[in-house]
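Q: As a plain string of letters, each chain reads:
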Amino acid sequence: MHTTSFITKTVHVHDASIKVGDQVVYEGEKDEPFAIFAKQAFKYLEVDYPKFYKMDALSKMAFLGAEYILQSEEKEGLALVLANRSGSLDTDVRHQQSIQDTTNIFPSPATFVYTLSNICLGEISIRHQLQTENAFFVFEEYPADFMQKYADYLLVSAKAKRVLCGWVEYFQEKYRAVLYLVDQNGQKPHTTENINELFES
Amino acid sequence: MAELKEELKGKIIEVLNLEDVAVEDIQDDDALFGDGLGLDSIDALELIVLMDKEYGIKLSDPKQGKSIFQSVQTMADYIAANRTK
Chain A
27 MHTTSFITKT VHVHDASIKV GDQVVYEGEK DEPFAIFAKQ AFKYLEVDYP
77 KFYKMDALSK MAFLGAEYIL QSEEKEGLAL VLANRSGSLD TDVRHQQSIQ
127 DTTNIFPSPA TFVYTLSNIC LGEISIRHQL QTENAFFVFE EYPADFMQKY
177 ADYLLVSAKA KRVLCGWVEY FQEKYRAVLY LVDQNGQKPH TTENINELFE
227 S
Chain B
3 MAELKEELKG KIIEVLNLED VAVEDIQDDD ALFGDGLGLD SIDALELIVL
53 MDKEYGIKLS DPKQGKSIFQ SVQTMADYIA ANRTK
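Each protein sequence line maps, in turn, to chains A and B. When the count follows the working numbering, it moves up by one through the first sequence with no breaks and lands on 227 for the last residue. When the count follows the working numbering, it moves up by one through the second sequence with no breaks and lands on 87 for the last residue.
Errors might be hidden in some of the hints.
Claimed, not checked - Taking CB as the label site, the calculated pair distances span:
#1 Gly-38/B with Ser-183/A: 42 to 48 Å
#2 Gly-12/B with Ala-161/A: 25 to 31 Å
#3 Glu-8/B with Glu-53/A: 35 to 41 Å
#4 His-40/A with Gly-40/B: 31 to 37 Å
#5 Glu-56/B with Ile-152/A: 44 to 50 Å
#6 Asp-41/A with Gly-12/B: 32 to 38 Å
#7 Asp-27/B with Val-119/A: 31 to 37 Å
In case anyone wonders, no lab produced these hints; they're calculated from the structure. Treat the numbers as computed from the prediction; the structure is a model and nothing was measured. Backbone N, C-alpha and C fix where the C-beta goes; we use that ideal spot for every residue, glycine too.
Generate the whole structure from the sequences, applying the supplied hints.
A: So, in structure tokens, the structure goes:
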């Protein structure tokens with residue numbers, strides 16, 4: 027299988043900062059808790075979407091990354107393929123803690139619904155009204171070669187017109203998102219080397 | 003009763019993460035679902051947990067929920083009549 031595809035846009039979320047391409051578009055206070063950073067970065071967008079505040083940290087980060095990278099972008103035929111290392115472990119731990127004390131068990135349904143990492147894809151899909159292919163994978167490190175082949179397959183098989191790919195890792199205040207758009211037109215070739223380069227910056 | 007309703011509004015805002023809603027924004031008879039506060043099905047489950055955790059009320063019949071969760075007023079009425087803590 028061979029296709030000509032390109033990386034057309036990128037977003038990085040880490041250390042209380044959001045960068046689209048090479049430009050920092052939002053910067054919070056260094057070392058501020060993720061919840062505060064996410065809330066302020068969301069408010070900075072001036073988007074009316076109260077559901078954001080109900081999301082877990084992983085979904086908030088994926089949502090923010092998608093929100094910033096998809097500004098002014100065509101969303102028709104946009105597939106989503108994301109990966110991370112910890113799955114939904116951060117929320118799994120919080121849910122487990124709520125059922126630890128057998129004499130005082132009040133698990134939160136709103137927490138429980140986020141004990142699946144692919145829920146963040148659903149949040150992005152609902153927000154942008156995507157009814158397209160989506161997949162979430164758990165790997166130790168970002169599988170650039172696998173993701174490159176997977177995204178190209180979606181394009182060459184006409185299952186998608188463009189693909190939002192990337193890494194969304196969150197566990198107990200340690201977080202990093204690297205998202206990129208793959209399209210059939212562009213300048214920067216969608217190669218494993220160029221994908222790996224995104225993770226070096 | 004007025005105190006209970008104020009307390010309930012505060013707990014609903016806190017438990018449901020209603021970020022831009024203040025206690026004074028919620029009228030006693032405002033619809034909690036639909037066009038009112040716009041709560042969803044997961045919020046309904048959270049309200050059931052809230053009733054159990056804070057007031058010792060276990061709702062075993064889902065049909066009861068529709069009338070109990072109409073508004074803060076209906077919730078407060080039910081809590082006042084059935085609370086065990």
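Q: None of the hints should be skipped; say for each whether it holds.
A: Results of checking the hints against the structure:
no.: 1; hint: Gly-38/B with Ser-183/A: 42 to 48 Å; in the structure: holds, 45 Å
no.: 2; hint: Gly-12/B with Ala-161/A: 25 to 31 Å; in the structure: violated, 41 Å
no.: 3; hint: Glu-8/B with Glu-53/A: 35 to 41 Å; in the structure: holds, 39 Å
no.: 4; hint: His-40/A with Gly-40/B: 31 to 37 Å; in the structure: holds, 33 Å
no.: 5; hint: Glu-56/B with Ile-152/A: 44 to 50 Å; in the structure: violated, 30 Å
no.: 6; hint: Asp-41/A with Gly-12/B: 32 to 38 Å; in the structure: holds, 35 Å
no.: 7; hint: Asp-27/B with Val-119/A: 31 to 37 Å; in the structure: holds, 33 Å
Against the hints set out earlier in the document, violations occur for numbers 2 and 5.
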